[in-house]
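So the protein sequences, as listed, match chains A and B.
Numbering follows our numbering, in which position 171 of the first sequence is assigned residue number 171; successive positions increment by one, without gaps.
Offset between the second sequence (1-based) and our numbering: plus 266.
These are computed hints drawn from the structure, not numbers from a lab.
Please note: incorrect hints may appear among the correct ones.
One-sided and incomplete, this derived list gives chain A residues near chain B with beta-carbon spacing under 8 angstroms [what the hints assert, rightly or not]:
1. Tyr140
2. Gly142
3. Arg249
Anything over 12 angstroms on all C-beta distances counts as not near chain A; from chain B, calculated [as the list claims (entries may be wrong)]:
4. Val310
5. Asp312
6. Met358
7. Glu522
8. Asp692
9. Pro747
10. Asp803
Keep in mind it's a predicted model, so treat the numbers as computed, not measured.
Ideal placement from N, C-alpha and C gives every residue a C-beta, glycine not left out.
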Amino acid sequence: METVTVTIKTQPELFLEADNISPDAFAGKKAAEIVALHAYEGREQYTLGKYFDISGEAGATAADTRIIVKGDVSRVKYIGMKMSAGEVIIEKDADMYVGAWMQGGKLTAKGNVDAFAGIGMKGGELIIEGNAGNYLGAAYRGDWRGMQGGLIRVKGNAGSDIGYFMNGGTIIVEGNADVHIATHAEGGKVIIKGDAKSKIGGQMVEGEIIVFGGIDVMMPGFKYVKDEELEVDGTKAKFALFHGDLGERHPKRKGQVVYGKLYQKI
Amino acid sequence: MTATEYLIRNGYVFDPVQGIKGDKADVAVKDGKIVKSVSSGAKVIDASGKTVMAGAVEIHAHIAGPKVNEGRNYRPEDKLFTYTPKKKGSRMAGGFSIPTTFKTGYEYARMGYTTCMEAAMPPLFARHVHEEMKDTPIIDEGAYPVFGNNWFVMEYLKNDEIDNAAAYTAWLLNSTKGYAIKVVNPGGTEAWGWGLNCLTVNDPVPYFDITPAEIMTGLMKTNEYLGLPHSMHVHQNSLGNPGNYTVTLDSLKLAEGIKATNKFGRETVLHSTHLQFHSYGGDNWGNFESKSKEVMDYVNRQKNITVDTGCVTLDETTTMTADGPFEHHLTELNHLKWANVDVELETAAGIVPYVYSPDVKVCEIQWAIGLEIALMAKDPMRCFITTDHPNAGPFTRYPRIFKWLMSADARKERIESFKHSAKMVDATHIAGMDKELSLYELAQMTRAGPAKSLGLASIYGGLAPGMDADVAVYNFNPDTPHKPDEIEKAFSSAAFVMKTGTPVVMDGEIVSNGNKRTIWVDAKVNENPQVMRDIKDKFLRYYSVTLGNYDVTKHFLSGNPRVIEVDATR
Chain A
1 METVTVTIKT QPELFLEADN ISPDAFAGKK AAEIVALHAY EGREQYTLGK YFDISGEAGA
61 TAADTRIIVK GDVSRVKYIG MKMSAGEVII EKDADMYVGA WMQGGKLTAK GNVDAFAGIG
121 MKGGELIIEG NAGNYLGAAY RGDWRGMQGG LIRVKGNAGS DIGYFMNGGT IIVEGNADVH
181 IATHAEGGKV IIKGDAKSKI GGQMVEGEII VFGGIDVMMP GFKYVKDEEL EVDGTKAKFA
241 LFHGDLGERH PKRKGQVVYG KLYQKI
Chain B
267 MTATEYLIRN GYVFDPVQGI KGDKADVAVK DGKIVKSVSS GAKVIDASGK TVMAGAVEIH
327 AHIAGPKVNE GRNYRPEDKL FTYTPKKKGS RMAGGFSIPT TFKTGYEYAR MGYTTCMEAA
387 MPPLFARHVH EEMKDTPIID EGAYPVFGNN WFVMEYLKND EIDNAAAYTA WLLNSTKGYA
447 IKVVNPGGTE AWGWGLNCLT VNDPVPYFDI TPAEIMTGLM KTNEYLGLPH SMHVHQNSLG
507 NPGNYTVTLD SLKLAEGIKA TNKFGRETVL HSTHLQFHSY GGDNWGNFES KSKEVMDYVN
567 RQKNITVDTG CVTLDETTTM TADGPFEHHL TELNHLKWAN VDVELETAAG IVPYVYSPDV
627 KVCEIQWAIG LEIALMAKDP MRCFITTDHP NAGPFTRYPR IFKWLMSADA RKERIESFKH
687 SAKMVDATHI AGMDKELSLY ELAQMTRAGP AKSLGLASIY GGLAPGMDAD VAVYNFNPDT
747 PHKPDEIEKA FSSAAFVMKT GTPVVMDGEI VSNGNKRTIW VDAKVNENPQ VMRDIKDKFL
807 RYYSVTLGNY DVTKHFLSGN PRVIEVDATR
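Please model the complete structure; the sequences and the hints are all you need to start from.
What follows is the structure in C-alpha cells.
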C-alpha cells in the first residue's frame with residue numbers, strides 16, 4: 001500500500017469542500033497530479049495544491065492507497081466522500097461530511113468530526129476517536145435511504161439525529177448521544193454505550209437500538225416486552241426489550257409483525 | 267450584429283407538414299420565420315450528414331407551478347450531485363426528476379424541443395405557474411387550467427347549461443391566461459373531499475350528483491362550443507389501477523359522435539393523456555397485465571381522439587398529479603413521503619416519489635405498455651411520445667425512449683436484462699413486436715402531431731414557409747448504419763437548435779436564452795350576467811381570495827405573450 005500525505009498549508013477563508021481527498025480520486029496519481037485536483041471554496045473552484053502540500057504517491061487502485069491528512073482541517077468538508085476502498089487517516093479535527101456516502105475501505109478520524117459524518121454510508125469502516133456531531137450515519141436531507149451498511153464507531157460522544165432513516169449497518173457510540181436516535185429507521189443497529197436522552201426510535205419501523213446507560217424520556221410508542229440476555233460489542237449483559245414505534249406501520253414476516261427493537265441495559 | 271437570415275444547408279429533412287421524408291434539402295430562415303429562400307448574405311449552418319426537423323412540441327409535462335415547486339422543496343435528494351455551475355450562456359442548473367426552471371428550459375432546448383405545455387394549472391395558483399414559466403428560458407409555454415372537479419363546471423354541466431359552462435371557461439382561460447381545458451380524474455378529486463373517489467365513469471360525485479361521463483361529455487361540448495385550439499385534454503378515472511382499461515375505453519367512447527368545431531385545423535375532440543397508466547388488465551398486482559392492444563385497437567379506429575404515451579423510463583422519479591386520491595393510494599403502496607393540498611373550489615394535488623425499478627415486475631410491465639402504445643399506433647399524427655414528466659420518468663429521457671421505439675434490438679437487450687423477463691413477456695406484447703419507428707414517424711409523434719392536436723399546426727411542428735423558425739439539427743445520419751445508443755446520444759444533445767430564428771443551442775451547449783413566449787387563449791363569448799354573478803357570489807362566499815387577487819395580470823405575466831384569439835360570440 002502506497003501512502004500520500006496531505007498537509008494543510010493555507011487555511012481557506014471560507015470552508016473548503018474537498019471531496020477529492022479520497023483514495024478513489026487519488027488512485028494512480030503522483031503528487032503533481034493530485035495537487036491539480038479541484039476543491040471548492042464558496043462558489044469558486046480551486047485546486048488542492050492551493051491549500052495542501054502533497055507528498056508521496058498513490059497506489060494503482062484505491063485499495064492500494066492510504067491517505068494521511070495532517071494539520072488543522074476543521075474547515076475542510078467531505079474528506080473521504082464516496083470512498084470505496086483503501087485507507088484515510090485524519091490526524092486532527094475535521095469539518096462536516098467526513099466519510100459521507102462511503103462504500104468501503106477504512107477511514108479513521110483521530111480528532112472530532114462535525115455533522116453528517118458517514119451519511120448515506122453503504123459499506124466500510126468509519127472510526128472516530130473523538131466526538132461526532134449531529135446526523136452521524138443519517139440520511140441526506142429528504143432522502144429515505146440513510147445508512148445502508150458498514151460500521152461507524154465513535155469513541156467519544158455523538159450529537160443528535162444519529163442513524164436518521166437508517167436501513168442497515170451498525171453505529172456504535174462509546175460515549176453519550178443527544179436526542180433523536182434512529183428516527184424513521186427500517187433496519188440497522190445503533191449501540192449507545194453511555195446515556196441517551198429522549199426521542200429514541202421515533203417512527204421506527206424496524207431495526208435495533210441498544211442503550212447501556214440511562215434514557216431520560218422514553219417515547220410513548222414503545223412497549224416493554226421481556227428481558228433478554230445479549231452479547232453486545234463484546235459485553236454480555238441483561239437488557240429490557242421494548243417494541244416500537246407502535247404508532248408506525250410494521251411489516252409482517254412469516255405471520256409475525258416485525259417491530260423496531262429498543263434494548264436498555266438493566 | 268445578430269444575423270436575421272439563416273440557411274440550414276444540405277441536411278436530411280423530415281417534415282410531416284410538407285411530407286418531406288429525409289430528402290436532402292435546405293431550410294431558409296428570415297426574421298424568425300421559415301421562408302422559401304434567403305439572400306446570399308444569410309449565415310449558413312452546415313447540416314450535411316445530419317438530421318433536420320422542426321423544433322419538437324411537448325403536449326403534456328408538469329414543468330411549472332405549485333406542485334412542481336413543492337416537489338422541488340420536499341425532495342432535496344433529487345438535486346444531490348446534479349448541479350452544474352453557470353456557464354457563459356447559461357445559469358446554474360440542477361435537479362433530476364424536478365429540475366429547476368432554468369434546467370427545464372435548457373434541457374428541452376438541448377433535445378430540440380422548443381414548445382412545451384404545462385399539463386395542470388390549478389386556477390387559484392395560476393400566478394405561480396406563470397411566474398415559473400417566465401423564469402423558464404427559451405421554450406414557448408402554455409398551461410392547461412384544470413376544470414374536471416371545478417364547482418362551477420359541475421353545477422352548470424349537471425343542468426346541461428353548455429353556454430354557461432362556456433362563458434365560465436372563457437372567463438377562467440382569460441383570468442388564468444390558460445390554454446386548454448384539462449380534466450384530471452373527473453369528479454374523483456372532488457369526491458375525495460368526502461373520502462371517496464370516482465373509479466368508473468358512472469360513479470356519482472357526492473353532493474354535486476354528476477358523473478365523470480357527464481363532466482367529460484359536457485366539457486367536450488363546451489370546448490367545441492368555444493372552438494378552442496386544443497381539444498379537451500383528459501387524465502381519466504382510475505389511473506394506475508389493475509383492470510382500468512375498461513374505464514379508459516368507456517371514457518374514450520364518450521367522444522363518439524362529437525364533431526370538432528374550430529378554425530385551427532384540429533380534427534379531434536378528446537386528448538387522452540399518459541395512456542400507459544390507463545391500459546392495465548388483471549385485477550391485482552399479481553396478475554397485472556398489458557391491455558395496450560384493446561385500448562389501441564379502439565384508438566386506431568376512433569379518428570376524433572388523440573393520445574400520448576406516458577412511457578415509463580425506469581428511473582427514480584417524483585409523481586405529481588391533481589389526482590389527489592391516486593397519490594394517497596400510491597403512498598400507501600410504497601410508504602414514501604406524501605405531500606397533498608386541496609385547492610378550494612377547483613382541484614387538489616398530491617406528490618409522492620416513486621422508483622420504477624427494472625427488478626420489479628409491475629414496473630417492467632409498465633415500461634412495456636408505454637412503448638406498445640406508440641408501436642401499435644396506426645396514425646402517428648394522433649399518438650404522441652411523453653413520459654407525463656415527471657410521473658413516468660423525467661422528460662430528459664425522451665432520447666432513450668426514441669431509441670427503444672426505433673430499435674427492436676435495443677428493446678430486446680432491455681427485456682433480457684429485466685429481473686422478471688419471462689413473466690413480463692407473458693404479461694405484455696412487447697417481445698413479439700418488431701416494428702421500428704422511422705424518423706418521419708418520430709417527427710409526426712413529436713412535432714407535427716402534437717402541434718395539430720394543439721391547434722397550432724400553422725405555427726409549430728413543421729418547416730413550411732410562414733411557420734415559426736424553430737429548427738433542430740441532430741448529429742444523426744439516417745443513411746449510415748448506427749448502433750441503437752447513437753440514437754439516444756444524437757437526440758440528447760442537438761448539434762444546432764434555433765428558436766424563432768435565434769440560435770439557442772450549438773453542439774449541445776446553450777448559447778442564448780432565446781425569446782421565450784407564453785401562449786394563451788383569449789376566447790370571446792356573449793355577455794353572460796348570470797355567470798358573472800355566480801363568479802362574484804362564489805368569491806364572496808367561498809374563496810379565500812378576492813377576485814382582484816385572482817387573475818394573472820401585470821408582472822405575473824410574461825412580457826412576451828402569444829395570444830390565440832377565439833370568437834365564440836353567437
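Checked hints:
Taking 8 angstroms as the C-beta cut-off, the interface hint given for Tyr140 of chain A holds, the closest approach to chain B being about 5 angstroms. For Gly142 of chain A, the interface hint holds, since its Cβ comes within 8 angstroms of a Cβ in chain B; the closest pair sits about 4 angstroms apart. Taken as an interface hint, Arg249 of chain A checks out: its beta carbon lies about 7 angstroms from the nearest beta carbon of chain B, inside 8 angstroms. Against chain A, the non-interface label of Val310 of chain B holds: every CB pair exceeds 12 angstroms, the least being about 37 angstroms.
A cut-off of 12 angstroms between C-beta atoms confirms that Asp312 of chain B is not in contact with chain A; the least separation is 35 angstroms. Not every C-beta of chain A lies more than 12 angstroms from that of Met358 of chain B, the closest at about 9 angstroms, which undercuts listing it as non-interface. Taking the minimum C-beta to C-beta distance to chain A, about 45 angstroms, the non-interface status of Glu522 of chain B holds against the 12 angstroms cut. Non-interface status of Asp692 of chain B relative to chain A is upheld: no Cβ of that chain comes within 12 angstroms, the nearest being about 28 angstroms off.
For Pro747 of chain B, the requirement that its beta carbon stay farther than 12 angstroms from each beta carbon of chain A is met, with the minimum near 37 angstroms. Every Cβ of chain A is farther than 12 angstroms from the Cβ of Asp803 of chain B; the closest lies at roughly 43 angstroms, confirming the non-interface assignment.
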